[in-house]
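FYI, in the UniProt record's numbering the residues of the sequence shown are 1 to 718.
Derived from the structure by calculation, the hints contain no laboratory data. Computed from a prediction, not measured in an experiment: that's the story for all the values here. Where a beta carbon is used, it is the ideal one built from N, C-alpha and C, also for glycine. There's no promise every hint is true.
Cβ pair distances, simulated, as ranges [claimed, not checked]:
(1) L318 with S589: 38 to 46 Å
(2) A571 with D519: 25 to 33 Å
(3) P531 with I428: 31 to 39 Å
(4) L493 with P524: 55 to 63 Å
(5) I325 with I477: 19 to 27 Å
(6) V340 with D307: 22 to 30 Å
(7) L419 with D139: 19 to 27 Å
(8) T249 with Y91: 29 to 37 Å
Calculated pairs, EDC-like style, for lysine to aspartate or glutamate (alpha carbon to alpha carbon, straight line, at most 20 Å) [as the list claims (entries may be wrong)]:
(9) K314 with E102
(10) K59 with D92
(11) K544 with D519
(12) K189 with D126
(13) K143 with E89
(14) K521 with E538
(15) K189 with D37
(16) K544 with E529
(17) K431 with D354
(18) K120 with D307
(19) K387 with D78
(20) K59 with E102
(21) K35 with E194
(22) K387 with D37
(23) K59 with D78
(24) K577 with D383
(25) K120 with E193
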Amino acid sequence: MNERGNLYFKGLTLKAGRKGKKKCILENVSGTLTKGDVCAVMGPSGSGKTTLLNVLCLKANYGELSGEIKLDNRHMSDKTFKEECFLVEQYDSNWPYLKVRETCFFAAKIFGNKSSSTIKIEDRLDAVLNEVGLSTAKDTMNKNLSGGQQRRLSLAIALMKQPEVLFLDEVTSGLDSASAESVCGTLRKIADEENITIVCTIHQPSTTIFLECFNKLILLSMGKVAYIGGTASAQGYFSSLGYPLPSMTNPSEHYLRLLNSDFGSVEKVMDILQIWERRPQIEVKREMVEEESVDSVYFSTFKSRLDETKWLLKRHFLMISRDPILYIGRCIAVLVLNGVFATVYWKARNYVQDQVMSKAWLIVWFAGIPAIMGAGAVFVLNDELSKIRNEQRNGVIHPGTYLTAKIILTLGYMVIYGLSALMIPAYIMQKYPLGKFAEAFLFWSIIAYLYETAAELLASLLTNPIIGVMFYLSLWIISFLFSGLFLPVEDLLWPLKLFYYITPFSYYIRSMFYLNYSDAKFEPCFPEENPNEPICIEDGDSSKILDVLHRILPQFENRNTVTRDMMIPLAMIITLKVIYIVVVILKGSRASIPVSAKNDKSCLRMNPNAVEEDNVQREGDLDIFEDNETLSAKEAGTTIYDLSIATKQSTANKVDEDNAMMKLDYFDDTSVESKILTAEEDGIDKGATVYDLGTITKQSAPSDTEATGLESFDINPH
Numbered sequence: 001m002n003e004r005g006n007l008y009f010k011g012l013t014l015k016a017g018r019k020g021k022k023k024c025i026l027e028n029v030s031g032t033l034t035k036g037d038v039c040a041v042m043g044p045s046g047s048g049k050t051t052l053l054n055v056l057c058l059k060a061n062y063g064e065l066s067g068e069i070k071l072d073n074r075h076m077s078d079k080t081f082k083e084e085c086f087l088v089e090q091y092d093s094n095w096p097y098l099k100v101r102e103t104c105f106f107a108a109k110i111f112g113n114k115s116s117s118t119i120k121i122e123d124r125l126d127a128v129l130n131e132v133g134l135s136t137a138k139d140t141m142n143k144n145l146s147g148g149q150q151r152r153l154s155l156a157i158a159l160m161k162q163p164e165v166l167f168l169d170e171v172t173s174g175l176d177s178a179s180a181e182s183v184c185g186t187l188r189k190i191a192d193e194e195n196i197t198i199v200c201t202i203h204q205p206s207t208t209i210f211l212e213c214f215n216k217l218i219l220l221s222m223g224k225v226a227y228i229g230g231t232a233s234a235q236g237y238f239s240s241l242g243y244p245l246p247s248m249t250n251p252s253e254h255y256l257r258l259l260n261s262d263f264g265s266v267e268k269v270m271d272i273l274q275i276w277e278r279r280p281q282i283e284v285k286r287e288m289v290e291e292e293s294v295d296s297v298y299f300s301t302f303k304s305r306l307d308e309t310k311w312l313l314k315r316h317f318l319m320i321s322r323d324p325i326l327y328i329g330r331c332i333a334v335l336v337l338n339g340v341f342a343t344v345y346w347k348a349r350n351y352v353q354d355q356v357m358s359k360a361w362l363i364v365w366f367a368g369i370p371a372i373m374g375a376g377a378v379f380v381l382n383d384e385l386s387k388i389r390n391e392q393r394n395g396v397i398h399p400g401t402y403l404t405a406k407i408i409l410t411l412g413y414m415v416i417y418g419l420s421a422l423m424i425p426a427y428i429m430q431k432y433p434l435g436k437f438a439e440a441f442l443f444w445s446i447i448a449y450l451y452e453t454a455a456e457l458l459a460s461l462l463t464n465p466i467i468g469v470m471f472y473l474s475l476w477i478i479s480f481l482f483s484g485l486f487l488p489v490e491d492l493l494w495p496l497k498l499f500y501y502i503t504p505f506s507y508y509i510r511s512m513f514y515l516n517y518s519d520a521k522f523e524p525c526f527p528e529e530n531p532n533e534p535i536c537i538e539d540g541d542s543s544k545i546l547d548v549l550h551r552i553l554p555q556f557e558n559r560n561t562v563t564r565d566m567m568i569p570l571a572m573i574i575t576l577k578v579i580y581i582v583v584v585i586l587k588g589s590r591a592s593i594p595v596s597a598k599n600d601k602s603c604l605r606m607n608p609n610a611v612e613e614d615n616v617q618r619e620g621d622l623d624i625f626e627d628n629e630t631l632s633a634k635e636a637g638t639t640i641y642d643l644s645i646a647t648k649q650s651t652a653n654k655v656d657e658d659n660a661m662m663k664l665d666y667f668d669d670t671s672v673e674s675k676i677l678t679a680e681e682d683g684i685d686k687g688a689t690v691y692d693l694g695t696i697t698k699q700s701a702p703s704d705t706e707a708t709g710l711e712s713f714d715i716n717p718h
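All chains should be modelled from the sequences, with the hints used to inform the complete structure.
Below, the structure written as structure tokens:
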């Protein structure tokens, strides 16, 4: 069987921007990386390094992409990437409340390692931790690791998956020189021992890292390739162009200085890019990747979803037991705060009629305080979901198993949460009737789970947790304000009445008051002795008290609406949960970007119709146009020239060609004998750029057809 892990990409071009003004972010990038290669993707800021990595990892879900990406004999798809590749993001996102060894063990078990038995995983785990230099830190909590150790832990997680290709974004970002050298040395060691392909973007490595850790180099500038090949061969290549490496100079600094168009000569950079573009193309032997049969062992299905769910439950339960904020902390907080409110409303524990409204307010507080605690959950869940998305995109977990495990854990947590919020404050301190405990506890849990689901949805939709918290608090305030306890629904303006009917508290308060007090016996109250009391029933009958309360606040009713009132929040939960599930699945999937073998060499844009451009002129056999314009032919038979890829000559003396014009910098190729021209003519400034249209790629619409659909060229691809 042939070796696996060969990465092949050809003609990758990415255009983005507004319609009609699309800009090339990446243009005609091609290359091949073989098993065991450690490739550095380098270039000045804005050169397209991260864009290229995003395209290779199927993360560039924007703009128009053309080209071809293959891993061995398969097109790079979401499924292929999740099975055979792994991306380590720029910022490590390891679970803080797991230990190093636990993190790698769970990653292997959840993924369904190719050597899936526990004994083999344990052996593999020891070997990987030793390989990345974390054997001595295996029992350290992840949150206590240094930056370099965090990066090596990310590598260890990737190796537990045993990928064919490992991608890393800004591998040395945030690391000191010693840590950077250690991490890059680990990459070289991994490539040699694991025999996998490694591709990483790196800003400016030291000489030691550059020469000893990387054997392949991709240099980019302005979205184009300046060099792809061996690291050791780059020095000779640039020397042949007239840019030898100065003595005592870091090679990577030398190359980046040459390719920096912001602080150097744009003409020089363009020359380097065009020389590489015009070099003889060596076609990769496609038979290696097209005719190879693939052993089915590499495409064995992942472990059963049930088994994966089991390990996810174990992992997250372990983290919950150690995390003081998300669950345990909230249980303690609601116990204390609800206890405080039960103490403040101490008189309401007695069944006297002047405390009826206090009892209604306690119902609100006992549910409202736990609900507002969900604001903190938005923060924690936002961080959790970012880690889950990384695992999902790397094929470690399936979104369905995570969602299943999360629902099971959350429902179990709601039981403990509800007991903390109600048992002591409500049923012991406030003497709620135990006979209706089951129904009351179920309704309370439904309301708490509804707000927990809202927190999950906001955390999944919004990348900024602060904005998520603001939305959550707004939701809580609206629910509180329009619950019917502050303002009767009849007093609301008709558009605002909608909030009452979609507020879960309005249904909860009504049913909870009925459950707790419909069968209660209140102390008698005599109107002549208590003329100022709004509720005063001589025999203390709860049914009569509810009738009076209904006249004051219409949402309180003297009838059992508990089942109906439960159904409405349940419907809200189902709706929000479905949206949440869809968001988690979509955000964790890699973009299905259509790729083709078509080489979009000049970053062309197809126009469905001919565009009437004032700047397109006809003058003899030559089309004249101004810079910075994207052009389309007005008429059939018109030829459009792409000056961005033309051979250019910036003259040191005055231009002396009759056909050269300073404004447009062009000449008529029909009257030119030589390829690179200079001429003498007054009025043309020194340094004017002339173009050899005889070497330019051109496109002409047939003279007997309309110009509709003519490919046009952007002469300013930057």
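Going through the hints against the structure:
Between L318 and S589 the Cβ separation comes to about 27 Å, which falls outside the hinted range of 38 to 46 Å. Separation of A571 from D519 is about 28 Å and conforms to the stated range, judged on CB atoms against 25 to 33 Å. At roughly 35 Å, the beta carbons of P531 and I428 sit within the given window of 31 to 39 Å. A beta carbon spacing of about 40 Å between L493 and P524 contradicts the range 55 to 63 Å that was offered as a hint.
For the pair I325 and I477, the supplied restraint of 19 to 27 Å holds, since their beta-carbon distance comes to about 23 Å. At roughly 45 Å, the beta-carbon separation of V340 and D307 lies outside the given 22 to 30 Å, and the hint is violated. In this structure, L419 and D139 break the distance hint of 19 to 27 Å, their C-beta atoms being roughly 34 Å apart. A beta carbon spacing of about 31 Å between T249 and Y91 agrees with the range 29 to 37 Å that was offered as a hint.
Proximity of K314 to E102 is assessed by CA-CA distance (about 11 Å); at most 20 Å being required, the pair is judged to hold. Simply put, K59 and D92 have alpha-carbon atoms about 17 Å apart, close enough for the 20 Å limit, and the pair holds. Simply put, K544 and D519 have alpha-carbon atoms about 11 Å apart, close enough for the 20 Å limit, and the pair holds. Among the hinted pairs, K189 with D126 is consistent with the structure: their alpha-carbon atoms are about 16 Å apart, no more than 20 Å.
For the proposed pair K143 and E89, the alpha carbon gap of about 17 Å is at most 20 Å, so the pair holds. Between K521 and E538 the CA atoms are separated by roughly 12 Å; this keeps the pair inside 20 Å, and the hint holds. For the hint pairing K189 with D37, the CA-to-CA distance comes to about 11 Å; that is within 20 Å, so the pair holds. For the given pair, K544 sits about 19 Å from E529 by alpha-carbon distance, which is consistent with the 20 Å threshold.
A C-alpha spacing of about 17 Å is found between K431 and D354, which places the hinted pair at or below 20 Å, so the restraint holds. Between K120 and D307 the CA atoms are separated by roughly 17 Å; this keeps the pair inside 20 Å, and the hint holds. Between K387 and D78 the alpha-carbon distance is near 18 Å, which keeps this suggested pair within the 20 Å criterion. Restraint check for K59 and E102: the C-alpha separation of about 29 Å exceeds 20 Å, so the hint is violated.
As the CA atoms of K35 and E194 are separated by approximately 10 Å, the hinted pair is consistent with the 20 Å bound. Our distance criterion of 20 Å between C-alpha atoms is broken by K387 and D37, whose separation comes to about 28 Å. Only pairs whose Cα atoms come within 20 Å are accepted, and K59 paired with D78 is accepted, the gap being roughly 10 Å. Among the hinted pairs, K577 with D383 is consistent with the structure: their alpha-carbon atoms are about 19 Å apart, no more than 20 Å.
For the given pair, K120 sits about 18 Å from E193 by alpha-carbon distance, which is consistent with the 20 Å threshold.
Checked against the numbered hints above, the structure breaks hints 1, 4, 6, 7, 20, 22 and satisfies the rest.
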